[in-house]
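Each residue of the sequence shown is one higher than the last, beginning at 445 in our numbering.
It is possible that some hints are incorrect.
[As the list claims (entries may be wrong)] EDC-like, lysine to aspartate or glutamate: derived pairs with alpha carbons at most 20 Å apart: (1) Lys606 - Asp556; (2) Lys606 - Glu634; (3) Lys606 - Glu560; (4) Lys606 - Asp630; (5) Lys606 - Asp633; (6) Lys606 - Asp580.
[Unchecked claim] Pair by pair, the computed Cβ-Cβ distance ranges are: (7) Ser526 - Arg471: 17 to 23 Å; (8) Ala547 - Arg620: 26 to 32 Å; (9) Asp599 - Gln548: 28 to 34 Å; (10) Ala596 - Glu560: 36 to 42 Å; (11) Glu560 - Thr528: 27 to 33 Å; (12) Thr491 - Leu582: 21 to 27 Å; (13) Arg620 - Ala596: 19 to 25 Å; (14) Tyr597 - Arg620: 16 to 22 Å; (15) Ala724 - Glu560: 45 to 51 Å.
Just so you know, these hints were derived from the structure itself, not from any lab. Glycine is no exception: its CB is placed at the ideal position from the N, C-alpha and C atoms.
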Amino acid sequence: APHSAAVRAVPLAATLPEALRASGAERRATLFAVSLTAAFAALHRLTGDDDLVIGVAGTHRGGTAMRGLVGLCVNTLPVRVSATGDPSFAELLRRVRDALLEAQRHRHIPFDLVLERLGERARGADGTALVRVTADVLGEPTVLRLPGTSAAYVDVPAGHAKFTLSYGLDLGDPARPAALVQYDRDALDEAVAEATARDYAALLTAAATDPERPLSDLPVPEAASGPEAAPGSDAEADPDGQAVPEVKETPEARHPAEAALRAHPQVADAVVVRPAEGPAVAYAVLRDSVGPSRHELLGLLRRSLAPE
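Could you build the full structure based on these sequences and the hints that come with them?
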């Protein structure tokens, strides 16, 4: 039976998403992997468990034959991660990145088939399915273009909870990012949900400010908001008073290849890593697996660079 859902949101520093991208790029991880790691860390602190499973969305569009198909081609991918040994956020990120890549290798296997094959082993004592917690990064909706028609997005209230707990990094408004928690009212009360949302926000901040500290040493947010950053400070304060490194997002500071990749309609996110030695390396996260070909992306990168 469906359960009543509610949402808690905690505002984040406007500079935090770029700081998270930069921190992830240093460790060969995407922004999604960093936010997923924060969700695993928050779930670990909430439950005290070391063996954790969080579901993420994966696409079924694995070939050009499905380009013209209109429909919800999304599959749930269970990502299993161990938090044993009190790892640092950076170490947990490595585990999450590897587990996420492994899960994506099997993204074409329907989740319902996994549950069917596992049988009772996929369900807990209360009858819930294998995945009870999910995580996602919520960006600005992609514009849907269909020949001869137009489309518009409509906000649908979250009346029912599909999962017990869902973590989300909301980047819909670049100037006002937020940490979101959607929860089942029958499983969590308001106080626990509020604390969970604040803990998720604090862990996202810690991922950018101090990723090498063990999880047990990372700060636990208080019930009330902390002090704001002092006027004239070069760091912006998050809701718990922690300083977030300022990342100046200006066209001059951004690598031209990064800007070109992000402008492509089929690229969800991109970052260019500039090592101390050697050439720069560009990473792009595609909106689906049948996005632009490697030749198209290479051409885009070449055109973005000034001729020498």
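Tested hints:
1. Restraint check for lysine 606 and aspartate 556: the C-alpha separation of about 15 Å stays at or below 20 Å, so the hint holds.
2. The suggested pairing of lysine 606 with glutamate 634 holds, with an alpha-carbon distance near 18 Å, which does not exceed 20 Å.
3. In summary, the hint linking lysine 606 to glutamate 560 is supported, as the alpha carbons are separated by about 19 Å, within the 20 Å threshold.
4. A threshold of 20 Å between alpha carbons decides the hint, and for lysine 606 with aspartate 630 the separation of about 12 Å falls inside it, so the pair holds.
5. Between lysine 606 and aspartate 633 the alpha-carbon distance is near 17 Å, which keeps this suggested pair within the 20 Å criterion.
6. Our distance criterion of 20 Å between C-alpha atoms is met by lysine 606 and aspartate 580, whose separation comes to about 14 Å.
7. Hint check: serine 526 to arginine 471, Cβ distance near 18 Å, so the stated range 17 to 23 Å holds.
8. Roughly 31 Å separates the CB atoms of alanine 547 and arginine 620, a value that falls within the hinted 26 to 32 Å.
9. For the pair aspartate 599 and glutamine 548, the supplied restraint of 28 to 34 Å holds, since their beta-carbon distance comes to about 29 Å.
10. Between alanine 596 and glutamate 560 the beta carbons are some 37 Å apart, a value that agrees with the proposed interval 36 to 42 Å.
11. Taken as a hint, the range 27 to 33 Å holds for the pair glutamate 560 and threonine 528, whose Cβ atoms sit roughly 30 Å apart.
12. Taking the beta carbon of each, threonine 491 and leucine 582 are about 24 Å apart, inside 21 to 27 Å as hinted.
13. Our hint of 19 to 25 Å for arginine 620 and alanine 596 holds, since their Cβ atoms are close to 22 Å apart.
14. Between tyrosine 597 and arginine 620, the C-beta spacing of about 18 Å keeps the proposed range 16 to 22 Å intact.
15. Distance hint check: the CB atoms of alanine 724 and glutamate 560 are about 46 Å apart, consistent with the given range 45 to 51 Å.
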